[in-house]
Amino acid sequence: MRRVQQDREAWQAGYDAGARGERASKCPYPARTAEAFSWRSGFIEGKAARKTNPAGKLETEQDVLARAIEILTAAYRPGVTRSGAVEAIGEALDVLAGSE
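Each residue of the sequence shown is one higher than the last, beginning at 1295 in this note's numbering.
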């Protein structure tokens, strides 16, 4: 079997399309080309990422951590009540777990 060299740009374009929820039939490359293979491969990965994140929010790990830190920093102030702290911790945990 002949190995096909993956086209990184086509793969990324396919990933982005899959993550946005587009259809596989939107592949812009001619069938049976390295670009089409790469695009469809990326599309499958992007679609899978969308399924694990149904809201379609494509956040990086750094974005998620920054949001959790922002929530905790805002709550860490003089005079914070116990319930306020518990609420902020719960919200930050939700963000980290992907439940926001």
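Careful: at least some of the hints might be erroneous.
[Claimed, not checked] Taking CB as the label site, the calculated pair distances span:
1) Val1358 to Arg1314: 13 to 21 Å
2) Thr1327 to Arg1361: 23 to 31 Å
3) Gly1378 to Ala1328: 18 to 26 Å
4) Arg1317 to Arg1371: 45 to 53 Å
5) Glu1303 to Gln1356: 38 to 46 Å
[Claimed, not checked] Keeping only pairs whose Cα atoms sit at most 20 Å apart, straight-line, the calculated EDC-like set for lysine to aspartate or glutamate is:
6) Lys1320 to Glu1303
7) Lys1320 to Glu1339
8) Lys1320 to Asp1310
9) Lys1341 to Glu1381
10) Lys1341 to Asp1388
11) Lys1341 to Glu1316
12) Lys1341 to Asp1310
13) Lys1341 to Glu1364
14) Lys1320 to Asp1301
15) Lys1341 to Glu1329
The hints are simulated quantities; they were obtained by calculation from the structure and are not laboratory data.
Think of the CB as a built atom: it goes at the ideal place given N, C-alpha and C, for glycine as much as any other residue.
Quick rundown of the hints versus the structure:
Between Val1358 and Arg1314 the beta carbons are some 20 Å apart, a value that agrees with the proposed interval 13 to 21 Å. Look at Thr1327 against Arg1361: about 40 Å separates their beta carbons, and that is not inside 23 to 31 Å. For the hinted restraint 18 to 26 Å between Gly1378 and Ala1328, the CB-CB distance of approximately 56 Å leaves it violated. Distance hint for Arg1317 and Arg1371: a CB-CB separation of about 48 Å, consistent with the stated range 45 to 53 Å.
Between Glu1303 and Gln1356 the Cβ separation comes to about 24 Å, which falls outside the hinted range of 38 to 46 Å. The straight-line distance between the Cα atoms of Lys1320 and Glu1303 is roughly 16 Å, inside the 20 Å bound, and the hint therefore holds. Between Lys1320 and Glu1339 the alpha-carbon distance is near 15 Å, which keeps this suggested pair within the 20 Å criterion. Our distance criterion of 20 Å between C-alpha atoms is met by Lys1320 and Asp1310, whose separation comes to about 12 Å.
Among the hinted pairs, Lys1341 with Glu1381 is inconsistent with the structure: their alpha-carbon atoms are about 33 Å apart, more than 20 Å. Among the hinted pairs, Lys1341 with Asp1388 is inconsistent with the structure: their alpha-carbon atoms are about 23 Å apart, more than 20 Å. About 9 Å separates the Cα atoms of Lys1341 and Glu1316, which keeps this hinted pair within 20 Å; it holds. Proximity of Lys1341 to Asp1310 is assessed by CA-CA distance (about 9 Å); at most 20 Å being required, the pair is judged to hold.
As the CA atoms of Lys1341 and Glu1364 are separated by approximately 29 Å, the hinted pair breaks the 20 Å bound. Taking the CA atoms of Lys1320 and Asp1301, the gap is about 17 Å. The hint holds against a cut of 20 Å. Distance check on the hinted pair: Lys1341 and Glu1329 sit about 18 Å apart at the alpha-carbon level, within 20 Å; holds.
In terms of the numbered hints stated before, the structure departs from hints 2, 3, 5, 9, 10 and 13, listed from lowest to highest.
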